[in-house]
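Let chain A serve as the given structure and place chain B on it in line with the hints.
Top line first, the protein sequences correspond to chains A and B. Whatever position you read off the first sequence (first residue = 1), add 998 for my numbering. Whatever position you read off the second sequence (first residue = 1), add 998 for my numbering.
Just so you know, the hints here were simulated from the structure itself, not pulled from any lab data. Worth double-checking, as some hints may not be accurate.
[As the list claims (entries may be wrong)] The calculated DSS-like cross-link candidates involving lysine-lysine, where the alpha carbons are at most 30 Å apart (straight line), are:
{"no.": "1", "chain 1": "A", "residue 1": "1098", "chain 2": "B", "residue 2": "1125"}
{"no.": "2", "chain 1": "A", "residue 1": "1104", "chain 2": "B", "residue 2": "1125"}
{"no.": "3", "chain 1": "B", "residue 1": "1172", "chain 2": "B", "residue 2": "1104"}
{"no.": "4", "chain 1": "A", "residue 1": "1098", "chain 2": "B", "residue 2": "1132"}
{"no.": "5", "chain 1": "B", "residue 1": "1172", "chain 2": "B", "residue 2": "1132"}
{"no.": "6", "chain 1": "A", "residue 1": "1172", "chain 2": "A", "residue 2": "1104"}
{"no.": "7", "chain 1": "A", "residue 1": "1132", "chain 2": "B", "residue 2": "1132"}
{"no.": "8", "chain 1": "B", "residue 1": "1104", "chain 2": "A", "residue 2": "1132"}
{"no.": "9", "chain 1": "A", "residue 1": "1132", "chain 2": "A", "residue 2": "1172"}
[As the list claims (entries may be wrong)] Derived Cβ-Cβ restraints for the label pairs, each shown as a range:
{"no.": "10", "chain 1": "A", "residue 1": "1224", "chain 2": "B", "residue 2": "1104", "range": "31 to 41 Å"}
{"no.": "11", "chain 1": "B", "residue 1": "1070", "chain 2": "A", "residue 2": "1093", "range": "39 to 49 Å"}
{"no.": "12", "chain 1": "A", "residue 1": "1101", "chain 2": "B", "residue 2": "1211", "range": "44 to 54 Å"}
{"no.": "13", "chain 1": "A", "residue 1": "1092", "chain 2": "B", "residue 2": "1097", "range": "49 to 59 Å"}
{"no.": "14", "chain 1": "B", "residue 1": "1096", "chain 2": "A", "residue 2": "1194", "range": "49 to 59 Å"}
{"no.": "15", "chain 1": "B", "residue 1": "1208", "chain 2": "A", "residue 2": "1178", "range": "15 to 25 Å"}
{"no.": "16", "chain 1": "A", "residue 1": "1092", "chain 2": "B", "residue 2": "1104", "range": "43 to 53 Å"}
{"no.": "17", "chain 1": "A", "residue 1": "1221", "chain 2": "B", "residue 2": "1128", "range": "18 to 28 Å"}
{"no.": "18", "chain 1": "A", "residue 1": "1221", "chain 2": "B", "residue 2": "1093", "range": "31 to 41 Å"}
Here the structure is a predicted model, which is why all the values come from computation and not from measurement. Virtual Cβ for every residue (Gly too), placed ideally from N, Cα, C.
Number of protein chains: 2
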Amino acid sequence: MMSKEQQAAGSRAFTEEERRGVYRAIYERRDVRSQFLPQPVPDDVLARILEAAHHAPSVGFMQPWDFVVIRDAAARQAIYRNFERASRRAAEGYEGEQRKLYESLKLAGIVEAPVNVCVTCDSERPKGSGLGRKTQPMVDVYSSVCAVQNLWLAARAESLGVGWVSILDPEEVKATLGIPEAVTLVAYLCVGYVSEFGRQPDLEERGWETRSDVQSVVHLDRWGARAQDWPR
Amino acid sequence: MMSKEQQAAGSRAFTEEERRGVYRAIYERRDVRSQFLPQPVPDDVLARILEAAHHAPSVGFMQPWDFVVIRDAAARQAIYRNFERASRRAAEGYEGEQRKLYESLKLAGIVEAPVNVCVTCDSERPKGSGLGRKTQPMVDVYSSVCAVQNLWLAARAESLGVGWVSILDPEEVKATLGIPEAVTLVAYLCVGYVSEFGRQPDLEERGWETRSDVQSVVHLDRWGARAQDWPR
Chain A
999 MMSKEQQAAG SRAFTEEERR GVYRAIYERR DVRSQFLPQP VPDDVLARIL EAAHHAPSVG
1059 FMQPWDFVVI RDAAARQAIY RNFERASRRA AEGYEGEQRK LYESLKLAGI VEAPVNVCVT
1119 CDSERPKGSG LGRKTQPMVD VYSSVCAVQN LWLAARAESL GVGWVSILDP EEVKATLGIP
1179 EAVTLVAYLC VGYVSEFGRQ PDLEERGWET RSDVQSVVHL DRWGARAQDW PR
Chain B
999 MMSKEQQAAG SRAFTEEERR GVYRAIYERR DVRSQFLPQP VPDDVLARIL EAAHHAPSVG
1059 FMQPWDFVVI RDAAARQAIY RNFERASRRA AEGYEGEQRK LYESLKLAGI VEAPVNVCVT
1119 CDSERPKGSG LGRKTQPMVD VYSSVCAVQN LWLAARAESL GVGWVSILDP EEVKATLGIP
1179 EAVTLVAYLC VGYVSEFGRQ PDLEERGWET RSDVQSVVHL DRWGARAQDW PR
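Only chain A is shown next, with the shape it has when bound in the complex (with noise of 0.2 Å):
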């Protein structure tokens, strides 16, 4: 690994195969539920990937985000069950063909993932004294959200997988956790080594949605003005 001084040398373009790297662990991330294995993550391996979302953008670099790190096994069987719960109220809201589909498909690692991590946001921490946060109160909580996408490139680059589980009740997280109230919650992952990285998302493969074409989500100019021959 380079040092931190020359991680931040500054300008120099990238090469051929750093920048393939890159597009690598954008194309090749998944949301991963059912591939984990239960061999232990490195504290070293766990510590760059955490150091990687310390060094997100933050708005007025507030960096209002903190990291629990959960290996312990009661925490996680009792987030299990939060997320059991959620998950079949959440199922009451298919029918039919949909809803057997809901009921067949994996939607989180949380006791087969070694480690777990919950990313938060302190809206009342003092660093960055509000600066850009005053016609967007929102953006302190993208913060995080940034923090938790350079943890799951970073993850894929290590060879780890990340599960983001958004079925689950945050305030009883909190609870479990010992989070203060006023403290967000704003993603629950699952992190750990995996028997393989899907060729497409599970969503895609199992024919819950499809992907769209990049081209109906681009306007040139002014909304609803597309690109006709977009670069493909």
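Structure of chain B alone, referenced to chain A:
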């Protein structure tokens, strides 16, 4: 560049250099305001970073984002005036030396950067059928934030700088760009080649805020349980 099929090839471990590329993008990414160059961003490069954004994780595979690419000078001028008003109002919240420092900071490259990209979230998009959004309804917006971070890191690998401007009235930006009322403005980004990437964040270099120690934001198993000998 690899084809998308090669990119999706799956589980192969990263080479040392590919992995270095991922960490370089994370550590050398900057929130760029002052260093934009006027040289245009080719369509194929812009398309690559937008495709990277489009491959962000999304709750239920919802893909709730849109990207409005703004090159039009009049639109950028209008948005710059919006920024000036919002920044003047924000300045009133500071006093004395902090006010002077705030007013001396360059906080947006809206006009200097040749391209701006507005990233949105459409919470009413039916894709994903609501999966994962019952207990934490904000996760659709978080998906759009993950798209921002993918774009930002891919941009760094392409030697492109990105600056996120949150000092804007979002409803006014939406009116300027014709974005429907029901769609949420998530991020307003300035994109372009740069004279240099700073060795540290602008706000750190200018003395607005310091970087916290990662150890201060990592908790083990329970909030407040600190790692005494966390790897550095």
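Task: Numbers of the earlier hints that this structure fails to satisfy, in rising order - done: Every hint satisfied by this model.
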